[in-house]
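Asker: Residue strings, one per chain:
2 protein chains.
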Amino acid sequence: MTVVVGLLHPGSMGAAFGAQLRLRGHTVLWCPDGRSDATRRRAQDAGLRAAGLPEIVARSEVMLSLCPPAASEQIAADVAELRTGSEAVYVEANAVAPFRVQRIADSLGPTPVVDAAVVGSPPVGGKSPMLYLAAAAGHTDRIVELFAGTDVRTHIVGDRLGAASALKLAYSSYQKVSRVLAAVAYGAADAYGVGDELLAIAAERTGSYLVETDYIPKTAARAWRWGPEIEDTAALLAAAGLPDALMHAAAETLARWDSCKDASLDVTEALEALRAERDDPS
Amino acid sequence: MTVVVGLLHPGSMGAAFGAQLRLRGHTVLWCPDGRSDATRRRAQDAGLRAAGLPEIVARSEVMLSLCPPAASEQIAADVAELRTGSEAVYVEANAVAPFRVQRIADSLGPTPVVDAAVVGSPPVGGKSPMLYLAAAAGHTDRIVELFAGTDVRTHIVGDRLGAASALKLAYSSYQKVSRVLAAVAYGAADAYGVGDELLAIAAERTGSYLVETDYIPKTAARAWRWGPEIEDTAALLAAAGLPDALMHAAAETLARWDSCKDASLDVTEALEALRAERDDPS
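Which chain is which? The protein sequence lines are Z and X, in order.
Counting in my numbering, the final residue of the first sequence is number 282, and the numbers go up one at a time with none missing.
Counting in my numbering, the final residue of the second sequence is number 1282, and the numbers go up one at a time with none missing.
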């Protein structure tokens, strides 16, 4: 049984999710209003069908919100304005704090909301990310069924709205802030001429992000996107009574890379951008 | 050729270094004044010889400072007061910022200072930590010779005072703050009932600290010691023009565990101590 899915708004992850749904014969609608040429090409390549937001909201049986985290509430608000009271499920799949998922659910009124989160790379070239799901069982089951037979694996983590998002943020707080730490540590060693020795130490520990200096420019290029996600993680930690200082500090550190949005830098350029003032460290 | 080494003040790392030197026939003096019974036993087991600080300073050809980082400057000051102008080398082997190494060198006047740092576990049971060294070549060569044939490996990183300490702090900023992050991330997931799912994600990445929850209570027990080291790393980063916010935040986070000094906790107790107020995270 194929269904109509509204995809809001396809970036690289969303387009790949859309392509997987297309392979199973589902119809995937997306809204090109105000989107870049790159996004249009990506949607076209993925076999998605362009439509206005009113049509998407009216026709979709499942709405899937997969966007930069900072846009998630606005997208839900846009949908809420147009909502006609169908039985569509709204899947909030972005890396946002549980309180925001709750606010989105509240804003959508009677529309059932599934809290979801993606861990892993976009499902292209055999990669198979995990889509974590949390909501009442009937609703999560519909999403499990939707992705059955695709490269998107699904995993229900219970019926508590926010649990999937909390899992995502908890994991990415470690993963992303470790990346920030790795950049800072390498910069410090490099400033004293002992960058190679640092990497030699790190290499003795398998899997250490420290050895992956090629990732430093990627962290810089993604800083604009990671910052809001990490600030949301701070909110999550505060709500759990846990210290949020590391997350605020990571966001503050990432903000130094604001001007590097999606840039192609080398390691030296990325570290240069990280330094506010290039003082002599001696 | 055996020499007289003054060890200030042997904790578990220092005692193990002393035992290695004893195995090569060197005389190792230590000062029991005001030290705990555990320290005395450890020094005795390692074959170290008790002596007053004036005797240690007068007789030692090499003085090795290996202590909690916060004590390093006081120890140097104590030695400086007693200094008789011999040709002894002072090895500052603690995890302190380069500016502090320089201050110690300045306070010791004509005494040659070798900047050093230990990476790895104490040299017992076949473990062989690396002692990084930075100073004028003649002085570092003496220390390389001193540890020749022991389980303490040596590695000269140049002649710039502070380079060895910078290497140590850069590495431990990553390693220790990642440990703090791992504890915080696990606590966040646990608060939403998805701790096991977090560990399952982390297990797919080899070497991730996230999987090692047994280490969370160890981090809590060591917080009193890691805090000052990480604050010094903040100073190092600031001097290099790099953002120090993550280090201050890590020290602030560790301070929540101040009351857990050397305690034997389980994971639940350690997380409980990390939470300032146990709010309901829903």
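Keep in mind that the hints were calculated from the coordinates and are not lab data.
Do not take every clue at face value.
Residues from chain Z shown here face chain X by an in silico Cβ test under 10 Å; the list is partial [what the hints assert, rightly or not]:
{"id": "1", "residue": "V3"}
{"id": "2", "residue": "L167"}
{"id": "3", "residue": "V177"}
{"id": "4", "residue": "T253"}
Don't be surprised by glycine CBs; every beta carbon is placed ideally from N, CA and C.
Asker: Next, verify each hint and record whether it holds.
Answerer: Structure-based check of each hint:
At about 27 Å, the closest approach between the beta carbon of Z/V3 and any beta carbon in chain X exceeds 10 Å, and the interface hint on this residue is violated. Satisfaction of the interface hint for Z/L167 is found here, the shortest Cβ-Cβ separation to chain X being roughly 4 Å, below the 10 Å cut-off. A hinted interface residue such as Z/V177 counts as satisfied when its beta carbon comes closer than 10 Å to some beta carbon of chain X; here the least separation is about 5 Å, so the hint holds. For the restraint placing Z/T253 at the interface with chain X, the shortest Cβ-Cβ distance is roughly 4 Å, inside the 10 Å limit, so the hint holds.
Hint 1 from the earlier list is the only one contradicted by this structure; the remaining hints agree with it.
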